[in-house]
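Q: Use these hints to put chain B onto chain A, whose structure you have.
In order, the protein sequences belong to chains A and B. Mapping of the first sequence onto the numbering used here: position 175 corresponds to residue 175, and the numbering continues sequentially without gaps. Mapping of the second sequence onto the numbering used here: position 367 corresponds to residue 367, and the numbering continues sequentially without gaps.
I should point out that these hints are in silico values taken from the structure, not numbers from a laboratory. Check before you lean on any hint, since a few could be wrong.
Stated by the list, open to error - Footprint (simulated), chain A over chain B, 3 or more residues, beta carbon under 8 Å: (1) 35-45; (2) 205-213; (3) 273-281; (4) 313-322; (5) 375-381.
Claimed, not checked - One side of the interface only, derived from the structure: several residues of chain A facing chain B at Cβ under 8 Å: (6) A174; (7) S175; (8) D177; (9) A214.
Values in this document were obtained by computation on a predicted structure and should not be read as measured data. All C-beta atoms, glycine included, are put in the ideal place defined by N, C-alpha and C.
The lines below spell out each chain.
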Amino acid sequence: MFEYTVLAGIMYGLYFGLVGIGLNLIFGVMRMINLAHGDFIMLGAFLAYWLFHLFGINPLFVIAISCVVFLFLGIAFYYIFVPRLLKSKDPEMLSFILFFGLSQVIEAIIILSFGNNQRSIPSNTFGHSTFSIFGNRFPISWLIVTIVAIVVFIAVYWYFYHTKLGYATRAIMASRDESLVSGINVNRVSAFAFGIGLILASIAGIFSFFMMGAAYPSMGTNLTVISFAIIVLGSLGNPMGTIIGGLIYGLAIMFMQTYLSSWSNLLPYLLLIAVMLFKPEGLIGKTVRSA
Amino acid sequence: MFKIRFLFFSSLMFILIFSATSTFGKNIPSVIKIGTLYASTGPFAKASESQFKGLKFWVHNVNSKGGVFVKAFKKKIPIKLIAYNDQSSTATAAAMYNQLITQDHANILVADFGSVLTSVAVPLAKEHRRLLFDVTGTGAKFFTPDNPYVVLTSLPTSGRWPYTLADFIIKHKINKIAIIYSSNDFDQSQAITLHNKLRKAGINIVYYNAVPSSTSNYAVLLHSIKAKNPNAVIEFGYPNNDIAFLQNLGSSGLKFNMVFTVFPGQLFKLLKSNVGEQGLAYTYTYPTPPLLRYNKVNLGVGIDEFEHAFKAYSGQSPNFLNVAGYNVGLIIKKTLETANRYNQLSFRKAISKFSGKVFTLNGLFMVNKKGAQIGEMLPIAQFVMKNSKLKMNIVYPEKMQTANAVYPAP
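Chain A extracted, bound-state conformation (with noise of 0.2 Å):
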């Protein structure tokens, strides 16, 4: 049980890192806490629900219309909001309120269009085999999805280190006032690394499925809260440190689950709590938090 709970752990932590990145990636650049972050994965777990039971698309293929999608309005978001934001006297903590309230707003409009219902894609829309680690058995949708977080871990890291617009998104994390005064147009990459915030969420959301069991409305608020344990367990402020921080969630989960599992929603909290304590900056990160 040690092997298949460590590897399983692995999976199920990678997972989390991609639940947690598009947050941590949105903190890094705006310094403010998408308290939505939850509401975006949901809705991305409803567009690959609905695209799969009414057009029968593969989970796989929505990733191509989520990243379109989301990054439109990751963009609208932006502009609507962020500029206004961050002109107020105190950006940090009106933040809080704004997409708290933008959190309530969109689980309001998804139970008034489509109720209160659990929602699921198959279990075995990858096929009903399962695949092997060392004699361990796990669902093939496992392998797909630590496939799809690898991937996506790695083209966050070539955007943030091979793209030019990753270069000015490292820089407005490092300091917004320097970027600007360098000459980088700090709106226009915030925005759309803020779209891509949401695209990383709606990739989580359209995987959730085959990890969290069924998706529903107000499944946002609980992701939201694991997402920020993640990011701070990790590095809040630096996504590539989310990885880590997921790993940790996946592996604890786990192992309290085979080995004491009615406490097994405790130890990532702790983990928190001893995290905040003894290394605020998170475990691989650099003294980054200023909110």
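A: Only chain B this time, still in chain A's reference frame:
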């Protein structure tokens, strides 16, 4: 002499006038206020809204006939339903129940769905001496000898649910049982009952563990269970737990001779749409109305008539929780028709009076001295595939049996 007569008649007139005004002017309410909660968001939203919709349907029916007959006033009085949204939060629910009692002065208090949201209502109702009509909060701890202010209307107290399941396992000599349950009153009391009954019968329980109610991934748990090599896996959870459990089981490639979950028998459509027919095939559950068809009733309408009327009212086929919400209305109606006085303890006495004599679309209504439901009995059903279609058979007890259990599952 004249003075004495004058005093006598004056006193008589005073008594008559006083009693007339107190009966007709002061004490008869213009409406019966029923206070309840529902959750439009959160993990209990689907179940809670279904239950609430059933209650609203009953109120609509009663009011369209001029209200409910109240024996204490010997007249029909319309119902006013006061409902607040607790968003599946116990903290919000506690505040809202308090508001219903202290601010709205609801005459009748009806609990929200399930043990979690009912748990905060029980002590409040007791403190304010208000009878709580508990619809589906079946946690065994709610019912104590010192609390006359709670009555469970729609399901047996959860500690009794696994009685037939335990008998089924014992009768079929299924040894090596795994029990996994969500850590809440509802599931824990079922797990404890089953555990104790099976242990007493000498059956080996190889796995017995709780998981948080928010658990959404059972992959590792299923492998931990498989490592113990059980013949039957019993999962006690809420709908989200059952969905995740059955999905993970379906995709894991693991096979067990017998798998039991709670909610396919209550929210069949929801579970079928989430885990598919293959995911439910050969699993066992507790069937409830409308899967169980009670048409010979002496209170309200039978399940066929209800199904038809509810569909016309809401445009949807009813599920169990719609039935439960409607059923609590029937019990309230019977209580008001029976109680000689219009106060909370008289309501409770009235319920004891008709307990065991009332059969509704939900089955026999019978409560014990603690207010726990003991009339309804939950049989055991198994879903089987017949001609590539999912079919439900009642497999236990024998007097209700429609087919033999397919054991071990193919």
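Q: When the nearest CB of chain B is found for A:A214, is that gap smaller than 8 Å?
A: 5 Å, holds
Q: Please count how many residues of the segment 273-281 of chain B have a CB within 8 Å of a CB from chain A and say whether that reaches 3.
A: Since three or more residues must qualify, the claim that chain A covers the segment 273-281 of chain B holds, with 6 doing so at under 8 Å.
Q: Let's test the interface hint: is any C-beta of chain B closer than 8 Å to that of A:A174?
A: 37 Å, violated
Q: Go check the segment 205-213 of chain B versus chain A for me, would you? Three or more residues, Cβ under 8 Å, otherwise it fails.
A: Answer holds; 4 residues pass the 8 Å Cβ test.
Q: Residue count check for the segment 375-381 of chain B against chain A: does it reach three with CB-CB under 8 Å?
A: This one is violated; 0 residues, fewer than the three required, reach chain A with a Cβ under 8 Å.
Q: Given a cut of 8 Å on the nearest C-beta pair, is the interface hint for A:S175 held or broken against chain B?
A: 39 Å, violated
Q: Would you say the segment 313-322 of chain B counts as covered by chain A, given the rule of at least 3 residues with C-beta under 8 Å?
A: violated (count 0)
Q: At least three residues with a C-beta closer than 8 Å to a C-beta of chain A: is that true for the segment 35-45 of chain B?
A: holds (count 5)
Q: Do the numbers back the hint for A:D177, that is, is its least Cβ distance to chain B under 8 Å?
A: 40 Å, violated
Checked against the numbered hints listed earlier, the structure breaks hints 4, 5, 6, 7 and 8; every other hint is satisfied.
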